[in-house]
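Protein chains: 2
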Amino acid sequence: LKAIYFKDKKIEIINTPKAVIKQNEVLVKIILAGICNTDIELFNGYYGFEGIAGHEFVGIVEKSPENPGLIGKMVVGDINCGCGECSLCEKGDPRHCKNRSVIGIINHQGAFAEYLNVPLENIHIVDESISPFEAVFVEPLAAALEPAKQIEINAEYKIAVLGDGKLGLLSALSLKYYNPGLLLIGKHEEKLAIAEKQGVKTFLTDSKRESRSLKDELGEFDIIIEATGRPDGINYALDLIKPEGTIIVKTTSHELSSIDLAKLVVDEITLTGSRCGDFNLALRFLKEKRLDVLPMIENIFHFEDFHEAFKLARTPGKLKVIVSFDKNPG
Amino acid sequence: LKAIYFKDKKIEIINTPKAVIKQNEVLVKIILAGICNTDIELFNGYYGFEGIAGHEFVGIVEKSPENPGLIGKMVVGDINCGCGECSLCEKGDPRHCKNRSVIGIINHQGAFAEYLNVPLENIHIVDESISPFEAVFVEPLAAALEPAKQIEINAEYKIAVLGDGKLGLLSALSLKYYNPGLLLIGKHEEKLAIAEKQGVKTFLTDSKRESRSLKDELGEFDIIIEATGRPDGINYALDLIKPEGTIIVKTTSHELSSIDLAKLVVDEITLTGSRCGDFNLALRFLKEKRLDVLPMIENIFHFEDFHEAFKLARTPGKLKVIVSFDKNPG
Chain A
1 LKAIYFKDKK IEIINTPKAV IKQNEVLVKI ILAGICNTDI ELFNGYYGFE GIAGHEFVGI
61 VEKSPENPGL IGKMVVGDIN CGCGECSLCE KGDPRHCKNR SVIGIINHQG AFAEYLNVPL
121 ENIHIVDESI SPFEAVFVEP LAAALEPAKQ IEINAEYKIA VLGDGKLGLL SALSLKYYNP
181 GLLLIGKHEE KLAIAEKQGV KTFLTDSKRE SRSLKDELGE FDIIIEATGR PDGINYALDL
241 IKPEGTIIVK TTSHELSSID LAKLVVDEIT LTGSRCGDFN LALRFLKEKR LDVLPMIENI
301 FHFEDFHEAF KLARTPGKLK VIVSFDKNPG
Chain B
1 LKAIYFKDKK IEIINTPKAV IKQNEVLVKI ILAGICNTDI ELFNGYYGFE GIAGHEFVGI
61 VEKSPENPGL IGKMVVGDIN CGCGECSLCE KGDPRHCKNR SVIGIINHQG AFAEYLNVPL
121 ENIHIVDESI SPFEAVFVEP LAAALEPAKQ IEINAEYKIA VLGDGKLGLL SALSLKYYNP
181 GLLLIGKHEE KLAIAEKQGV KTFLTDSKRE SRSLKDELGE FDIIIEATGR PDGINYALDL
241 IKPEGTIIVK TTSHELSSID LAKLVVDEIT LTGSRCGDFN LALRFLKEKR LDVLPMIENI
301 FHFEDFHEAF KLARTPGKLK VIVSFDKNPG
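Protein sequence lines correspond, in order, to chains A and B. For the first sequence, my numbering begins at 1 and goes up steadily by one. For the second sequence, my numbering begins at 1 and goes up steadily by one.
The set of hints was computed from the structure by calculation and includes no laboratory data. Check each hint, because a few of them may be wrong.
Heads up, simulated EDC-like pairs for lysine to aspartate or glutamate below, C-alpha to C-alpha not over 20 Å straight-line [claimed, not checked]:
(1) Lys-98/B to Glu-217/A
(2) Lys-98/B to Glu-220/A
(3) Lys-242/B to Glu-85/A
(4) Lys-149/B to Glu-152/A
Generate the whole structure from the sequences, applying the supplied hints.
This is the structure we're talking about:
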C-alpha cells in the first residue's frame, strides 16, 4: 500500500503496512484528496511536520466493525479528533479540544494515502447525488461556511469577501446563499469570472490600489470575510469596515500582522477568527446544488504523479489540485 | 470666564467670552472635570489637537431654553454629538456618526472651562444621592461598563481584567456586578488593594513574568478585558484566552500592535474594540452603590492650579486627577 510522505521539504512515495483500525475507527479507502495551502505549509516545515499529510478527502468505507452499515458507502470525515473526555469534547466541540489530533496535521496520519483510519464519529455519508469530485470539497466548503455559524449573515448586511483565492472563492460562492448581494474583491480576473458565472458580484482591484481609494469607490461594509492570505489583508479589512462591523479572519499567515488597535477600539470593531466548519452544512449545500464547486478544480493527478501535482498546487494563483488514489474515481 | 487651553504641548489659562448657546443646547456651569489619558494624548499633539480639552465633567445647568426644567440641576453629558441626520444617528447611535463632534476631543469645546455648551439630548440628570465627586466618573464608568452592553457577561464565565490602571480598575469594580468571580491582573500592589477592598479577586504580576507562566498558574479565560494600555497587552490576552473566547480591547495605543492572527484563526478567538458607553447604566451603578469610585481619586486641584494637576495626571501610575471649577464643589 502506498502513501505520500513529507520529510525535510521532500516528498516520497512510501509503502505502508495495511492499516489496523482501532476501536471505534473506520477504514476508508481514499478515492480523492485535495491539496490545501496548509499542506504546503506542512511541507515547508511549519509545525515541525513530518509524515503523511492530507485532510481533504472522500473515500469508500472498507471496514467498520461498530457500524457495518457504513461498509461500501462513500464518506467524508471531520479532521479534528477530540480526546472525548475534556469539557469541550463533552459539549460536542472537539474542534478546539487541547488534546485533539487532526487528520493529516497533528498526530494522525493524513489522506494522501490509499487507506486512512478515521474515528467513527467523524464520518459523514455522502449523498448519492453528490459526486466524489464535489465531495472532496466538503472540508474547505465547511470552513468557508463557518462564518455563517459564528455570526448572523443575512440579506440585510453589506458584505465583502476579500481575496479570490480558493477560500475566498468558496466563501463568496457559498455565503451568497445568505447574502445574495455580497461582493467578492480580488486581483485575478479569471478567478473572479468563476464567481461571476454563479451570480456573485465581483470587483477587480490590484496591488497598487490603496484601501482608501477602494473605500471611496465601494463604501464601507458591515461584514468582511478576510481571506487574502496576506498578513496585511487585515488592514485592508479595517479600512473598509463600518463602525461596529465584524471582520471574519480566515488568513493564517506565519508572519505577525501589524494592526492599529486604536481603530478597532474607537470604531468598536470585532475581529473573529474562523477555521473549520460543519460538514453537515457543507453536504447540504452540495446536495441542494447551492453552488458548483467543479469550476474550482485546477487539475487532477494520479497519486503516483504527486510530485507534479504538488508543484502545481504550490504555484501561486492556482485553484484546487486534486489527487486520485483510485483508477476510476468518477 | 476662564478656560484651559492646549497648544503646542503648552497649557494656558485663557479668558473666554460668555458662551452663547445654540438651539437645543444647554449651558452647563462646570463643577468638576476629570483628566483622562486621552487628554494627555491631546496635549501631546495626537490628532493635531489645539483647544480646550476635557470630556469627563459634572456641572449645573444655567441655561436651557428648550427644557427650562433642567435649570439648577446637576448633570453629566454624553461626549459624542451626532449630526442627527445619518443612518447611525437615526438609529440612536451618534457614538459612531462619521460627522460627529466629540466634547473636548473633536470640534467641540471641552470641559476644562468654567462653562460648557452641551446638546440637550446629551444631558443626563444626576440623582441627588450621587455626589459630584462620584458623578465626574460617569463617563469613564460608562466606558468600563460598555463590554456588558457588547457581549453577554454573566457569572458562568471565567473573566480576567488585564491592567490595574484607571480603566482596568473601573472595569473590574463595575463588571464584577455581572461576574463576581472576575480576576483583576495588575502590577501595582496598591492599586490592586483598591479593588480588593471592594471584593474583587486580584493577582499581582510583574513585567518579567511571561504570559505562558501566568497561564500555567491561572488557567485560561472565557473573556478578557484588555486594559493594559500597552501595545503588547493584546498578546498577553491572546495567550490567556480560551478557544472561542472573547477579548474586549480597551487599549488605544498609538503604536501598531504585532499580532499572531494564526492563533486568532485556529482558536476562533474574537477581539472586540470597546470605547464609550451608556451613561444611564453608569448612573444606575452609582445610584445603587454597586461600586465606590471615590478611592480612585488621586487628588483634586482648583483649575488655577491646572499645571500642577496635569503634571500629576501625567505621572505614570497615578489614579484620577480631578479639577474643580467651583469653590465649594462638595
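Need the status of pair Lys-98/B, Glu-220/A: alpha-carbon distance at most 20 Å? holds (12 Å)
Check the hint pairing Lys-242/B with Glu-85/A against an upper bound of 20 Å on the C-alpha distance. Roughly 17 Å between the alpha carbons, so the hint for Lys-242/B and Glu-85/A holds.
For the pair supplied as a hint, Lys-98/B and Glu-217/A, is the alpha-carbon distance within the 20 Å limit? holds (17 Å)
Checking one constraint from the list: CA of Lys-149/B to CA of Glu-152/A, max 20 Å. Satisfied? holds (18 Å)
Against the hints set out earlier in the document, no violation occurs for any number.
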